[in-house]
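Enquirer: Sequence order for the protein chains is A and B.
For the first sequence, UniProt numbering gives the first residue as 1, with consecutive numbering after it.
For the second sequence, UniProt numbering gives the first residue as 1, with consecutive numbering after it.
Source of the hints: derived by calculation from the structure; they are not laboratory data.
Glycine is no exception: its CB is placed at the ideal position from the N, C-alpha and C atoms.
Fair warning: there could be bad hints in the mix.
Ranges of calculated distance between the beta carbons of each label pair, as one might list FRET restraints [said to hold, decoys possible]: (1) A/Arg146 - B/Gly346: 32 to 38 angstroms; (2) A/Gln383 - B/Arg333: 23 to 29 angstroms; (3) B/Phe134 - A/Val493: 44 to 50 angstroms; (4) B/Thr166 - A/Thr501: 51 to 57 angstroms; (5) B/Ser396 - A/Val493: 45 to 51 angstroms.
Covered by chain A, per the in silico footprint, the following chain B stretches (three or more residues, Cβ under 8 angstroms) [claimed, not checked]: (6) 21-34; (7) 74-83; (8) 86-96; (9) 145-154; (10) 207-221; (11) 246-260.
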Amino acid sequence: MQLTLWTYEGPPHVGAMRVATAMRGVHYLLHAPQGDTYADLLFTMIERLPRRPPVTYTTFQARDLGADTAGLFQQAARDAYARFQPQALLVGASCTAELIQDDPGGLAQALDLPVPVIPLELPAYQRKENYGASETFYQLVRALARRPAEGAPRRGCNLLGPTALGFRHRDDVQEITGLLLQLGIAVNVVAPLEASPADLARLGEAAFNVVLYPEVAQQAAGWLQRQFGQPFTRTIPIGAKATQAFVAEVAALAGVPVPPALQARASRAPWYSQSVDATYLTGKRVFIFGDATHAVAAARVAAEELGFAVVGLGTYSREFARDVREAAAHHGVAPLITDDYLEVEAAVAALQPDLVLGTQMERHIAKRLGIPCAVISAPVHVQDFPARHSPQMGYEGANVLFDTWVHPLMMGLEEHLLGMFRGDFEFHEDAPASHLGHASASMAVPEPEPQPDLPEDLPTMAATWAPEAERELHRVPFFVRGKARRNTERFAVERGVMTITVETLYEAKAHFSR
Amino acid sequence: MIPIASATDSGCTDAPVLRERGQREVFCGLTGIVWLHRKMQDAFFLVVGSRTCAHLLQSAAGVMIFAEPRFATAIIDDRDLAGLADANDELDRVVTRLLERRPDIKLLFLVGSCPSEVIKLDLQRAAQRLGQRFLPRVRVLSYSGSGIETTFTQGEDACLAALVPTLPATAQPGLLVVGALADVVEAQFKRLFSGLGIGPVQFLPARQLADLPAVGPQTRYLLAQPFLADTARALEERGACRIAAPFPLGVEGTTAWLRAAATAYGVNEARLQQVTGPAVDRARQALAPHRARLAGKRIFFFPDSQLELPLARFVARELGMQLTEVGMPFLHRQHMAEELALLPAGTRLSEGQDVERQLDRCRADAPDLVVCGLGLANPLEAEGLTTKWSIELVFSPIHGYEQAADLAALFARPLHRRQLLAAA
Ligand code: SF4
Chain A
1 MQLTLWTYEG PPHVGAMRVA TAMRGVHYLL HAPQGDTYAD LLFTMIERLP
51 RRPPVTYTTF QARDLGADTA GLFQQAARDA YARFQPQALL VGASCTAELI
101 QDDPGGLAQA LDLPVPVIPL ELPAYQRKEN YGASETFYQL VRALARRPAE
151 GAPRRGCNLL GPTALGFRHR DDVQEITGLL LQLGIAVNVV APLEASPADL
201 ARLGEAAFNV VLYPEVAQQA AGWLQRQFGQ PFTRTIPIGA KATQAFVAEV
251 AALAGVPVPP ALQARASRAP WYSQSVDATY LTGKRVFIFG DATHAVAAAR
301 VAAEELGFAV VGLGTYSREF ARDVREAAAH HGVAPLITDD YLEVEAAVAA
351 LQPDLVLGTQ MERHIAKRLG IPCAVISAPV HVQDFPARHS PQMGYEGANV
401 LFDTWVHPLM MGLEEHLLGM FRGDFEFHED APASHLGHAS ASMAVPEPEP
451 QPDLPEDLPT MAATWAPEAE RELHRVPFFV RGKARRNTER FAVERGVMTI
501 TVETLYEAKA HFSR
Chain B
1 MIPIASATDS GCTDAPVLRE RGQREVFCGL TGIVWLHRKM QDAFFLVVGS
51 RTCAHLLQSA AGVMIFAEPR FATAIIDDRD LAGLADANDE LDRVVTRLLE
101 RRPDIKLLFL VGSCPSEVIK LDLQRAAQRL GQRFLPRVRV LSYSGSGIET
151 TFTQGEDACL AALVPTLPAT AQPGLLVVGA LADVVEAQFK RLFSGLGIGP
201 VQFLPARQLA DLPAVGPQTR YLLAQPFLAD TARALEERGA CRIAAPFPLG
251 VEGTTAWLRA AATAYGVNEA RLQQVTGPAV DRARQALAPH RARLAGKRIF
301 FFPDSQLELP LARFVARELG MQLTEVGMPF LHRQHMAEEL ALLPAGTRLS
351 EGQDVERQLD RCRADAPDLV VCGLGLANPL EAEGLTTKWS IELVFSPIHG
401 YEQAADLAAL FARPLHRRQL LAAA
């Protein structure tokens, strides 16, 4: 039993829903109690899809348990088939139905429906959402992909991995499709997003597969490689450099030359990063947490393309923990592999980074700690489905990363001015960076929290601040004030100083200055 | 002017009800934790369930704004399923850790879920066991919010019903108002009752464990919410006696609710009019512009919170809207008797749900406004229907005179918005 306040991933059947909802012509019959229908709102409210997920829930109740939940399931299967006429039917159980062991697969097979029925066994008490998505996609591919005719020409590639409720999947697909088009590589099938069962049948016609999101598609791509001899890409095109490497990788797989227009300068981000205005970004301490793919990519971009210092790197996806461990070793930090957000919060609080790149969870953590933050990974929020085109991948994606990561920080000259004139009445903590405007003060300033909800284990202060030192502390720009306070107190405690004076403050500053 | 049904018209008292048995599109009772944990400020809700339950709470809460919320899920895993004795040990371990971490907790609810019920994890026994260990610092109770037993607001019912046997006993007469209300509404009702000379008045649930009301054979209670069947039964077992009334939604509902109490306490009509008069006038004035906008518009209610009947009565009688269908998760005829009598005769009532068939009926009716859950709202908007998502009706202060116009505004805004966008 694990005590959980907030979770990074939903249960595995939500992963299956992400695949089913992304596709066309698929229906998912889920043996589940009524409350599990909440999952629909993830798609209709967070992603704002204008249609319901293609899911029928049997919604059995306690009184059915003693009677015939199996019969209920079969009736629901018949009704769902008659109403929705899907080209393929996924069947499975949520956590509760898994316990009553009705065997949805067997029950549905027994109905002899005139379409493929694909049973999903998703162990709800061991696995989570990404596993569910990966397994569902893999089972669909196994069941539906047809072996291409011997000697038939292989053309183009498939784009694998984008799902419903994915972090910018929709925009990434558009970006990468455009990139491939410029290389003269045709996209055979994109899946699961917008793919039908008939499209999955054609997967084998492509020369190779592009795996955009290994968390969802690596398992299926491995099977396609073994069965049909289709190689798949390893480079995740996040950041200008990785996009360049990706272009080289797909060009090699397709046997085409790279046109000069697709060099790294196809993105504005590297130039912006090189421009003198970006000097102030040097060595900004950044903490990164997310799914493995996005976290590893973000760390690389942060270190190599923006000149940040990666001070923390972690993931909640245990399935891909190895990749994150390797990346953490590369960046010289300890990997944080956890799905306990309190651990992540403790790490961020201890590190006091200048910037947090994380999920919606880290956004809240950062907000509480008064640290700028940008979101780089699922789990997602309605804000992560912007109306505009906003990819993470490809050359335009690199531009988006530059903008969204740099935007929450102070601009270079502004930071200097704040440092020089820190007593200035306009540079108080409620005045955020000028380009953020007044309305977005909350981006940089922690929101007041209801008192009882504050963490109990805030460090108690051992040394007391002399009034003059306290006033001086308030002249320190607010975005480093937390760090200054902590460092000074630590410094005081270590030296047995009971009263912190202005002198102590500056001694500590000198001591900790990097 | 509020059209008052003629005395001979018994509304929907004996109206036939369409009973549906199919896919339900409603939350389970765990959802009640989202508002109960804000209301009961020294209580903590520990769901013993699955990752699904944790995810439901997180998604229904919508935003993750609390550093440490006063709810959590003890997620059952494979090892717990291997042996029940272990599951109990595990639960004790989790609770001990939690209580060490959170010294502010005075009341702990172990909340049952579908998985805990299917594996027959006895949370009542667990609550007794843990209660003995942690009393007097913490009181431990249990209830079920599972989706196989409870629908959405029934979670609050189950929670309050679990609380009732632990309330202190009293032989003194008193009035108890039952059902979680916004603090501002509670304060207004307190003033009205004191104006009527009715007292002492207490509220269930209370903000603090120490303020929980006492109950006994001299207690009379008024339901403020229409989904409290088990709580009512538990109160009656303690000897309390229900004052039958419609629910305090809208001007008419609020007056009738207060009148029921006034009658029970022998307060005459003149005093009632005098005490409520200013608020009634204010509320009617505030309602008028909404009524102008909404009168004659056709409205369809999907089953959700169990508030559907009183809401339908309000929009029909005070806003002049036409009811196409009023769906509700279940119909409690006794608690709803006064509401049914006030509903326009011939209203199509449905109980339970077969969501696909109900959507067919809704499309065929083509109402001006659909009240439905979050899973249905945007898809219906995309089909061209105008919707009001029903959870907002549960999460907003809507009871009483001063909130009557706010309640009307919740219905008027989607229509107004559609008009604005269409006009552009
Ligand atoms: S319906 Fe049951 S399993 Fe689903 S969230 Fe509610 S209590 Fe948990």
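Enquirer: Does each hint fit the structure? Answer for all of them.
Expert: Hints, verified against the model:
Distance hint check: the CB atoms of A/Arg146 and B/Gly346 are about 57 angstroms apart, inconsistent with the given range 32 to 38 angstroms. A hinted range of 23 to 29 angstroms for the beta carbons of A/Gln383 and B/Arg333 is inconsistent with their spacing of about 45 angstroms. Taken as a hint, the range 44 to 50 angstroms is violated for the pair B/Phe134 and A/Val493, whose Cβ atoms sit roughly 35 angstroms apart. Checked against the hint of 51 to 57 angstroms, the C-beta distance between B/Thr166 and A/Thr501 comes to roughly 55 angstroms, which is consistent with it.
At about 48 angstroms, the CB distance of B/Ser396 to A/Val493 agrees with the hint of 45 to 51 angstroms. Closer than 8 angstroms: that is the beta-carbon criterion, and the stretch 21-34 of chain B has 10 residues meeting it against chain A, so the requirement of 3 holds. Three residues within the 8 angstroms Cβ limit are the bar, and the stretch 74-83 of chain B against chain A gives 7, so the coverage statement holds. Coverage of the stretch 86-96 of chain B by chain A holds. Counting CB-CB distances below 8 angstroms, 5 residues qualify, and the rule asks for three or more.
Given as covered by chain A, the stretch 145-154 of chain B passes the check, having 5 residues with a CB less than 8 angstroms from a CB of that chain where 3 are the minimum. With a cut-off of 8 angstroms between beta carbons, the stretch 207-221 of chain B has 0 residues touching chain A; three or more are needed, and the interface restraint is violated. Residues of the stretch 246-260 of chain B lying with their CB closer than 8 angstroms to a CB of chain A number 0, which falls below the three-residue condition for coverage.
Taken one by one, the earlier hints fail for this structure at numbers 1, 2, 3, 10 and 11, listed in ascending order.
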